[in-house]
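Next come the chains, spelled out residue by residue.
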Amino acid sequence: MKQIQMTQNPSFSLISTNKIIQMNNVWTSYDSKNFALEEINLSIDRGTNYAIVGQSGSGKSTLLKLMNGMMIPSSGTIKIDYVTPNMDNKKFKKMMHTIGYIPQSLGLVKNITVLENIMIGALPRLNKIQSMFKQFPENEIKEAKRIISLVGLTGKEERKAYMLSGGEKRRVAIARALMQKPTILLADEIVSELDHVTAREIMNLIAEAQKRMNLTAIMVHHDMQLALEYANRVAVIKEGHKILEIGVEGDTIVDFQTGDMNTDEIMEMYDDDSKK
Amino acid sequence: MTPKNNIVIGIIVALVVVASYNVDANPIEFAEGLPNLAIVLEEMLLVEPKYIPTALWAMFETIQMAFIGTVVGTAIALPLSMLAARNLNSKYVYAPVRALLAAIRTFPSILWAILFVIMVGLGTFAGVLAIVMYTVGFVAKLQYESIEAIDSDPMDAVSSIGVSKWQLIRYVVIPESASHLLSQILYMFDYNVRQTSILGLVGAGGIGFYIINYIKFFEYGKAAVFMLVVLVTVLFIDWVSVKIRDKYIIKSQHGMEVTAK
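These protein sequence lines are chains A and B, in that order.
The letter at position 82 of the first sequence is residue 82 when you use the numbering used here, and the numbering goes up by one with no holes.
The letter at position 99 of the second sequence is residue 99 when you use the numbering used here, and the numbering goes up by one with no holes.
Just so you know, the hints here were simulated from the structure itself, not pulled from any lab data.
Just so it is clear, CB atoms sit at the ideal spot from N, CA and C, and this is done for glycine as well.
Relax, there's no trap hidden among the hints.
Listed below are several chain B residues computed to face chain A (Cβ distance under 8 Å; list not exhaustive):
hint: 1; residue: 153
hint: 2; residue: 156
hint: 3; residue: 157
hint: 4; residue: 158
hint: 5; residue: 161
hint: 6; residue: 171
hint: 7; residue: 172
hint: 8; residue: 178
Turn these sequences into a full structure, and let the hints steer you where they fit.
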């Protein structure tokens, strides 16, 4: 493990104005009494590789669902590229076309082929006839082939999704999201069930796509080590609160939280999670 | 066995006795009637093989009726099932469609046959229409139930891209519920062959027309030929559908299990 040096630097967080995601005092609840998230303030720069880390039930998946409009906060404001995420909001509905979302279960359609699953990402760009009869235009097929080779699935285009291995399924889900020509990629613990080697292959794939397409990747993790390895910034969620936001610059971890978190607590959290 | 269970069983037995009294269901009469069955069976054993070609032809007609009814009924049922699924529509759409389907299912196919005989006259066409109605009611119900049982994860993931409802149906709903559909169609065809065999009773064509007529004229030996053909055909169709099911459906179910992990 790398030796990590901690520095407190609260003033660092509000420098850039190019915020793709902004959350202000966001609270959410599944019922009227229990809050899944409390007092969340987040702002994410365009083009960042962002990670959200926390244990099961901490509210990290809920945080992702707020970002693609699948959930609405009970109070507080959220802006995605200066638009409020809400399925009824026409402007946001158009934006959803370019927000890739990979749930923990991946959400692949099992009984259709790899190519068709990936083409789902292009559906908003197709007309009725093309999508009903699966008459995909040449340029989209070309784009799909390019992405298929990028994620390493060449030769498996015609396989049914249920026939694939766990790693391959993740590649399909990533390809589907990339096919959306996304500006934001949201991924919910998609590598936590994989073995060490495969998990890193998948993470490298996303990191490469993120750099190449200049997208903002927001990934939820269970494993702090993995998050620190790949992300520029890591938010730690515990019992619905954002307790920590750290930035990773080379071997240095910078604490962005203005609160009175101390280095020992961060390390403690880090150790807790990496043991699992 | 708890005292509570004993009371429940006691009540059920008492209800059966009371209801039997009300409907004149008398076991003694059943015992007394057994010798009559022997007479019928004896006469049935006088099978008249020269009627076999007629019986086979009538059975073929019956199967064709069931086939048309199943195919057309399913074709009508599918769009209706999409409208009746709660996870695809608002209450204002699915509630009336469900009510309509429930109303269709209320009548057994033989009642539909009577209605269509009045409408289009005696003959096989009335029978086909009856089978269509019955199939619409049932396949639509089975199908909207399997649509509602689709895994919500792909539905959510694909909806979050902001695709249209038609695209969602085409790329998620149809593929994910199709494996159930094949098994439902097979079941329905199997069932429709049996149903069509009795529609002749009300003049709606098919092999049942012969059976009821021979029975009416106490020609049990001739009726037996036709009943035997029905029996063999139904067993054969059952066997074929088990084979098809094993080949196509078990495989895809297995695939689902693998992906569930």
